[in-house]
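Chemist: One letter stands for each residue in the lines below.
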Amino acid sequence: MSKILDSKVPDGPLADKWDLHKAGLKLVAPNNRRKYNILVVGTGLAGASAAASLAEMNYNVTALCISDSPRRAHSIAAQGGINAAKNYPNDNDSVFRLFYDTIKGGDFRAREANVYRLAQVSSSIIDQCVAQGVPFAREYGGVLANRTFGGAQVSRTFYARGQTGQQLLLGAYSAMMRQVARGKVDLRARREMMDLVVVDGIARGVIARNLVTGELERYAADAVLLCTGGYGNVFYLSTNAMACNVTAAYRAHKRGAFMANPCFTQIHPTCIPVSGDYQSKLTLMSESLRNDGRVWVPKKVGDKRPAKDIPENERDYYLERKYPSFGNMVPRDVASRNAKMACDEGRGVGSSGLAVYLDFEDAIKRDGQPAIEARYGNLFHMYEKITGENPYKAPMRIYPAVHYTMGGLWVDYNLESTVPGLFVLGEANFSDHGANRLGASALMQGLADGYFVVPYTIPAHLVGRSYRKVSTADDEFRQAETQVKERIDRLLAVGGSRTVDSFHRELGLIMWDNCGMARNRKGLEEALEKIPALRKAFWADVKVLGAGANINTELEKAGRVADFLEFGELMCRDALVREESCGGHFREESQTEEGEAKRDDEKYCYVAAWEHAGDGKAPVMHKEDLVFENVKLTQRSYK
Amino acid sequence: MSGKRISLTLKVWRQESAKDAGKMATYEVKDINDEMSFLEMLDVLNEQLVTKGERPITFDHDCREGICGACGFVINGHAHSKEKEITVCQLHMRKFQDGETLVLEPWRAKAFPVLQDLMVDRSAFDRIQAAGGYTSVHTGSAVDANSILIPKVDADAAFDAATCIGCGACVASCKNASAMLFVGAKVSQFALLPQGQVERERRVKAMVERMDAEGFGNCTNEYECEAACPKGISVTNIARMNREFLKAAVTDQG
Ligand SMILES: Cc1cc2nc3c(=O)[nH]c(=O)nc-3n(C[C@H](O)[C@H](O)[C@H](O)COP(=O)(O)OP(=O)(O)OC[C@H]3O[C@@H](n4cnc5c(N)ncnc54)[C@H](O)[C@@H]3O)c2cc1C
Ligand code: FES
Chain A
1 MSKILDSKVP DGPLADKWDL HKAGLKLVAP NNRRKYNILV VGTGLAGASA
51 AASLAEMNYN VTALCISDSP RRAHSIAAQG GINAAKNYPN DNDSVFRLFY
101 DTIKGGDFRA REANVYRLAQ VSSSIIDQCV AQGVPFAREY GGVLANRTFG
151 GAQVSRTFYA RGQTGQQLLL GAYSAMMRQV ARGKVDLRAR REMMDLVVVD
201 GIARGVIARN LVTGELERYA ADAVLLCTGG YGNVFYLSTN AMACNVTAAY
251 RAHKRGAFMA NPCFTQIHPT CIPVSGDYQS KLTLMSESLR NDGRVWVPKK
301 VGDKRPAKDI PENERDYYLE RKYPSFGNMV PRDVASRNAK MACDEGRGVG
351 SSGLAVYLDF EDAIKRDGQP AIEARYGNLF HMYEKITGEN PYKAPMRIYP
401 AVHYTMGGLW VDYNLESTVP GLFVLGEANF SDHGANRLGA SALMQGLADG
451 YFVVPYTIPA HLVGRSYRKV STADDEFRQA ETQVKERIDR LLAVGGSRTV
501 DSFHRELGLI MWDNCGMARN RKGLEEALEK IPALRKAFWA DVKVLGAGAN
551 INTELEKAGR VADFLEFGEL MCRDALVREE SCGGHFREES QTEEGEAKRD
601 DEKYCYVAAW EHAGDGKAPV MHKEDLVFEN VKLTQRSYK
Chain B
1001 MSGKRISLTL KVWRQESAKD AGKMATYEVK DINDEMSFLE MLDVLNEQLV
1051 TKGERPITFD HDCREGICGA CGFVINGHAH SKEKEITVCQ LHMRKFQDGE
1101 TLVLEPWRAK AFPVLQDLMV DRSAFDRIQA AGGYTSVHTG SAVDANSILI
1151 PKVDADAAFD AATCIGCGAC VASCKNASAM LFVGAKVSQF ALLPQGQVER
1201 ERRVKAMVER MDAEGFGNCT NEYECEAACP KGISVTNIAR MNREFLKAAV
1251 TDQG
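Taken in order, these protein sequences are the chains called A and B.
When we follow my numbering, the leftmost residue of the first sequence carries the number 1, and every step to the right adds one.
When we follow my numbering, the leftmost residue of the second sequence carries the number 1001, and every step to the right adds one.
Derived by calculation from the structure, the hints in this document are not laboratory data.
Computed from a predicted structure; not experimentally measured.
Each hint should be verified, as a subset may be incorrect.
Claimed, not checked - Going by beta-carbon spacing under 7 Å, a handful of chain A positions derived as facing chain B:
| no. | residue |
| --- | --- |
| 1 | 77 |
| 2 | 174 |
| 3 | 210 |
| 4 | 275 |
| 5 | 280 |
Glycine included, every Cβ here is placed at the ideal spot set by N, Cα and C.
Generate the whole structure from the sequences, applying the supplied hints.
Modeler: Now the structure itself:
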């Protein structure tokens, strides 16, 4: 095992690890907490819950976010729900079961202790949210409603119609706003973190750009929490919001934070297909649709007849055929890959040929249209709004799209990165989902990190280490600001001929073709040549108008795309090294005879944590071996 | 799927910064695929502007699926366009005819100063939220989620009020620039839930006071807000807020 990577997973039985660990953690006395300043970057579920909780405890918190209001973080978009091992439906759910499903769903590439803790605190999250006034769905008797999600065999998902993320975020946001009113959270919206400031090897602040005035601002703190979400937009098209980026995490990476498993990305099977090259983002259709919809393509290659003219015996319900026991409910990675295979064979539908049908005809026949409407009315409506087609009459067309990034900054059991004092929460870290995330588990993780983990672990840094007082006038801050300014000036000075978006689209295509749903050596090696060439073209020919002062949305995009152009390369490197298939990472060289993903536990049962070695130098990979003491590593089978 | 091609004339409000005066500018957008979303049409125009060396049109947006509340401007006099229950990011070009002229303006309200072009400052909403839009329950002190039963009708009604995305269309569509629908929805969500009872009176007073201090206008029952709301939030929430406010004033001890 690499010496540098100390996961700090405590000894002891799995079920007791978190309690034992907490018992050994240092405390900061209530009266002393006001002496500590904590900087929270990002106010999605992870950031808002952390900011609120820490401020309630009396720490001084400063919170930054890109959007005009913290309530708009991308967490808002989550539709489906949030898991918790409450076992309210009495269907034999338990902490262990939630843990097991999550670690197996992640294809055994996550840390046992982290995932177990996640399952342990899941119940408290629901309690907290309900107390905040989050209007979860309820039964007539007044108790909370649950549903199954993502193929789970128990009903453990809590939801608020199709707006679970929004309602949870509003809960966390309102808790944070209460602390804003108390003066314990200094909220700075429309700020983008441009760099991390490290003093004596410890994270001590950030440089941020005020997106309204264009000014660069220095923020100093005793600890920095990065809660900046996922990097799915490296693919240009994804279900992520437009401002989702890797900049904060990548800047921290360049300052010494290791990046773990960057190639682990999740491609969600049920999204509305791309309709043209002007497309700016993709829309997810909730996974719950697969509870009733049947996925199919024509049996014949190149069959362009409308769906209704293709008789039953000429349709291939390929998921039901290949996976009789799970059928349409197979996990996301399996469903996505099979859709791609059908389209690659030339059996895709729609004018682009890059889509498969999700058909509700049988469900409507069986349960009646009103029942289907009650279940999915809002989703059908959304589909119709976007495509102009009525899914009650003709099957939906769906195709997989980039959705979530399991990879992220490496953190130990305390959620601390390899830069002391820098904690990473939510989608921005790598910790709990291994190589594939199960539905309804990202919301759970973001809130677990913010409400129930970091408030306990942060004193280990605050009082467990000695570090000097800093001020924003210090050299380190000045230098970091100068570097940020130089980079902005460079972007503005290129004065080339191509728009930022044109580069972003081109990068997205390279990533999608070579580091998307299926990867192979040749493609990855090609991408590793194309990306640096594109990066060079970007710095020689991008056109960013205006000045650094004032609002300049093109400049904002340019900075983010510049980072994606470096980060994409790291993803491909990571994918190239991992010569096994696991979860969302499908290496074509590593498959079973039936074309299923083949893991290689002998060689790859580790977390790949990349260290930045300097610009133009190859990054160095460190391994954290994954040790499984409580579960048996099995090949996932959904046959 | 095929997609017709259409051309449009856009008259767009251009304003460099909060300090500058603004004016309308006219743009011709040609051969737009009508399957594009409205914001994608603006993306195309913006790429053309950048290529020509002109500053692109600034507007707020993020999720592009009608849930974050970031987007919003006025199209031909209607907040988020004249389509019902829609945000501007959910609007598609197939709703328009070839040759149409569209006038795009930012939200106009004293409490929402224009920052640039179609982008405004809505931080007043955050300050109203901070005044009382929460339950004062700190992390870790919650009881088991099922220990307080909530009738489904109340939970559903609270949910309906809670669907507000804070976009500001209610303010923009109101001739008085009133924020009553926004505040009423938040007050209602908590008033309908047992968790909201403890601070019920203090909350409504503090939020209404903050709303007034931010410079939002009064409600004169025009109901334009409900018509413009992308989430279809009902004006009955305003009536509930008024009742809550009166009750709070009557029982006011201080
Ligand atoms: C369409 C969709 C549906 C989903 N549905 C579900 C679901 O049903 N269940 C589930 O469990 N998960 C779901 N997910 C995943 C889940 O929503 C996200 O993983 C999770 O909400 C991420 O939360 P976060 O707090 O880590 O990040 P985010 O919510 O993305 O927040 C990031 C924050 O960081 C800020 N930020 C980013 N960069 C910077 C910077 N450089 N400087 C300053 N601030 C910055 C942003 O402004 C924002 O405030 C879904 C995701 C998508 C895309
Ligand atoms: S961009 Fe999010 S609601 Fe329109």
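Chemist: Determine for every hint whether it applies to the structure shown.
Modeler: Quick rundown of the hints versus the structure:
no., hint, in the structure
1, 77, "holds (5 Å)"
2, 174, "holds (4 Å)"
3, 210, "violated (12 Å)"
4, 275, "holds (5 Å)"
5, 280, "holds (5 Å)"
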